[in-house]
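Residue numbers (my numbering), protein chains in the order written: chain U, 5 to 316; chain R, 71 to 326.
Hints listed in this document are in silico derivations from the structure and should not be mistaken for laboratory results.
Hints are supplied without guarantee of correctness; some may be wrong.
[As the list claims (entries may be wrong)] Sample of chain R residues with no beta-carbon within 12 angstroms of chain U, all distances over it, derived: (1) 125; (2) 158; (3) 268; (4) 275; (5) 278; (6) 279; (7) 280.
[Claimed, not checked] Below 27 angstroms or equal to it, Euclidean Cα-Cα: the simulated DSS-like pairs (lysine-lysine) are: (8) R/273 - R/126; (9) R/126 - U/187; (10) U/280 - R/324; (11) U/187 - R/222; (12) R/302 - U/143; (13) R/74 - U/184; (14) U/14 - U/87; (15) U/280 - R/318; (16) U/212 - R/222; (17) U/315 - R/324; (18) U/192 - R/186; (19) R/186 - U/184; (20) U/143 - R/90; (21) U/287 - R/307; (22) R/302 - U/202; (23) R/318 - U/287; (24) U/143 - R/296; (25) U/287 - R/222; (26) U/184 - R/307; (27) R/126 - U/226; (28) R/307 - U/202; (29) R/296 - U/187; (30) R/90 - U/280; (31) R/307 - U/280; (32) U/184 - R/90; (33) U/202 - R/324; (34) U/315 - R/318.
[Unchecked claim] Label-pair distances were calculated between CB atoms; the ranges are: (35) U/259 - R/73: 15 to 23 angstroms; (36) U/89 - R/267: 17 to 25 angstroms; (37) U/187 - R/313: 42 to 50 angstroms; (38) R/131 - U/287: 27 to 35 angstroms; (39) R/88 - U/197: 25 to 33 angstroms; (40) U/15 - R/128: 39 to 47 angstroms.
Even glycine gets a Cβ: it sits at the ideal position worked out from N, Cα and C.
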Amino acid sequence: LSSLVFVETKGSGIEEGALNAISAARKLSGPVTAVVAGSEADAAAKTVAKIEGVDKVVVAKDAMFDHALPETTASLLKALQEKEGSTHIFAPHSAAGKNVMPRLAALLDSQQISDIVAIEGEDTFVRPVYAGNAIATVKTSDAIKILTVRTTSFPAAVYSDAASATEEVAPTIDASPLSKWVKEDVAKSDRPDLAAAKRVVSGGRAVKSSEGFKIIYDLADKIGAAVGASRAAVDAGYCDNSLQVGQTGRIVAPELYIAIGISGAIQHLAGMKDSKVIVAINKDADAPIFQLADYGLVGDLFTIVPELMEKV
Amino acid sequence: MSSKLRILVGVKRVVDSAVKVRVNSAQTGVETANVKHSMNPFDEIAVEEAIRLREKHGKDAVEEIVAVSCGPTKAQETLRTALAMGADRAVHVKTDAELEPLSVAKLLSKIVETEKPSLVILGKQAIDDDSNQTGQMLAGLLNWPQATFASKVDIKDGSLEVVREVDGGLETVSSSLPAIVTTDLRLNEPRYASLPNIMKAKKKPLKTVSPADLGIEIRSRLQTLKVTEPAKRQGGKIVASVDELLDKLRNEAKVL
Numbered sequence: 005l006s007s008l009v010f011v012e013t014k015g016s017g018i019e020e021g022a023l024n025a026i027s028a029a030r031k032l033s034g035p036v037t038a039v040v041a042g043s044e045a046d047a048a049a050k051t052v053a054k055i056e057g058v059d060k061v062v063v064a065k066d067a068m069f070d071h072a073l074p075e076t077t078a079s080l081l082k083a084l085q086e087k088e089g090s091t092h093i094f095a096p097h098s099a100a101g102k103n104v105m106p107r108l109a110a111l112l113d114s115q116q117i118s119d120i121v122a123i124e125g126e127d128t129f130v131r132p133v134y135a136g137n138a139i140a141t142v143k144t145s146d147a148i149k150i151l152t153v154r155t156t157s158f159p160a161a162v163y164s165d166a167a168s169a170t171e172e173v174a175p176t177i178d179a180s181p182l183s184k185w186v187k188e189d190v191a192k193s194d195r196p197d198l199a200a201a202k203r204v205v206s207g208g209r210a211v212k213s214s215e216g217f218k219i220i221y222d223l224a225d226k227i228g229a230a231v232g233a234s235r236a237a238v239d240a241g242y243c244d245n246s247l248q249v250g251q252t253g254r255i256v257a258p259e260l261y262i263a264i265g266i267s268g269a270i271q272h273l274a275g276m277k278d279s280k281v282i283v284a285i286n287k288d289a290d291a292p293i294f295q296l297a298d299y300g301l302v303g304d305l306f307t308i309v310p311e312l313m314e315k316v
Numbered sequence: 071m072s073s074k075l076r077i078l079v080g081v082k083r084v085v086d087s088a089v090k091v092r093v094n095s096a097q098t099g100v101e102t103a104n105v106k107h108s109m110n111p112f113d114e115i116a117v118e119e120a121i122r123l124r125e126k127h128g129k130d131a132v133e134e135i136v137a138v139s140c141g142p143t144k145a146q147e148t149l150r151t152a153l154a155m156g157a158d159r160a161v162h163v164k165t166d167a168e169l170e171p172l173s174v175a176k177l178l179s180k181i182v183e184t185e186k187p188s189l190v191i192l193g194k195q196a197i198d199d200d201s202n203q204t205g206q207m208l209a210g211l212l213n214w215p216q217a218t219f220a221s222k223v224d225i226k227d228g229s230l231e232v233v234r235e236v237d238g239g240l241e242t243v244s245s246s247l248p249a250i251v252t253t254d255l256r257l258n259e260p261r262y263a264s265l266p267n268i269m270k271a272k273k274k275p276l277k278t279v280s281p282a283d284l285g286i287e288i289r290s291r292l293q294t295l296k297v298t299e300p301a302k303r304q305g306g307k308i309v310a311s312v313d314e315l316l317d318k319l320r321n322e323a324k325v326l
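Generate coordinates for the entire structure from the input sequences, incorporating the hints supplied.
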């Protein structure tokens, strides 16, 4: 048994969800090899080598792997699985993990298991289905297990002073035809990242406008929280799509989740119901969010949130 | 557009998104009998996008839109919905076997071989199994480029440009055709089929094939050991004021 973990690079840095995927891989007995690829993979590898629980870092320094392009990245992981004889391949259930891993699974003729929340054995995994309204335990008969990891269900691996060995690789990749990365339009923010934040303040339809959404940002900044949103708020154009929390958006599980003007559709609850403490602020006392919230406050958000800001 | 396009869209019949599902008493799955089913919402977006591409580029450019569904006889209801929305004809891969995403991708790859589409549009995930795999797997099997989680699709001069929803915002990728696109929520708002179109859809061609006809043996890799209800939260406490809320958060929950 041995595991491969795909670590997405961001320039010379890494996407933090890999730390949770490494913890998941660590739950199995075998060694853990991290894969780092891209034009600055050598710099990123220095960071990855210091993650506790990583036994070896494999570095594929080539611009063809930038932006985790799925065609090249899946072929690279396939080549590395063959080279290392890996039995388990992990990635976070992030945009990149979701994009790359099923393609890899097809190349390896393996039925991927997505969004795992627990590991019960080397072939048995637990995952939510139906927007988290049911939890399935599944056992795979595939020799190579392809797994994407719900990052909020596994602790982030920590960094240590000792660095593991790194090894440069340059496998031959048949990478045509492929998609080309053109550009990105990523919201720049000094706020904590939604998926990893200890506190999240989210706004919904009742915030009414993008101007109205400003009080969500203000409260978040006041308490050092990340900002989230319901699908209704995103669809109405009150905020950026990257803020969406839910079945098809980001999954969060902070210590404190404050839902403001969010009624609590099943699809939204799927993205936040594992939060430690949930606060709901809503005008409608019958909103389903109140059944789930640890503390509900019924009233007009445009009165309550300013008062909260003043007193917190 | 320089060359003619044939678009294949995949559709799946799932428990309707508004249904609050219940785990069955045997803990083997969720109750699906006597529960409303609909087309997977992401697949509706896929069908809509194919129709919009034809509306934008014209009937000569998008010569045909073919809807495919894999599953039991009732999958035909979902195919009729796709036809009523505007697809031209349908292919039903009929099987009562439990279908995992890899099996569906293999069946679709065989349909692609015979139908020869230049673009395949699929929903990014089905809201029952929430796997988010089939499109990427199909792209891998065919060795085609993939553009997943699309919020904007443009085709010009035989190439594809897609704006994708990624974790921090949006990303634009381009590729040659043929290619696989999977849809995200904000790509479009699907239309409702009108009554005349529902009537017309009953006469549109629907072909049924079996996995054996396609040379595919369905083999399950996953065994579901059990399905349980998620842990229930002890929610429902209402506080009277901001002061009480802050007091509880500070002194009871200790999160502030």
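**Asked** Which hints, by number, does the structure contradict?
**Response** 18, 25, 26, 27, 29, 32, 35, 36 and 38
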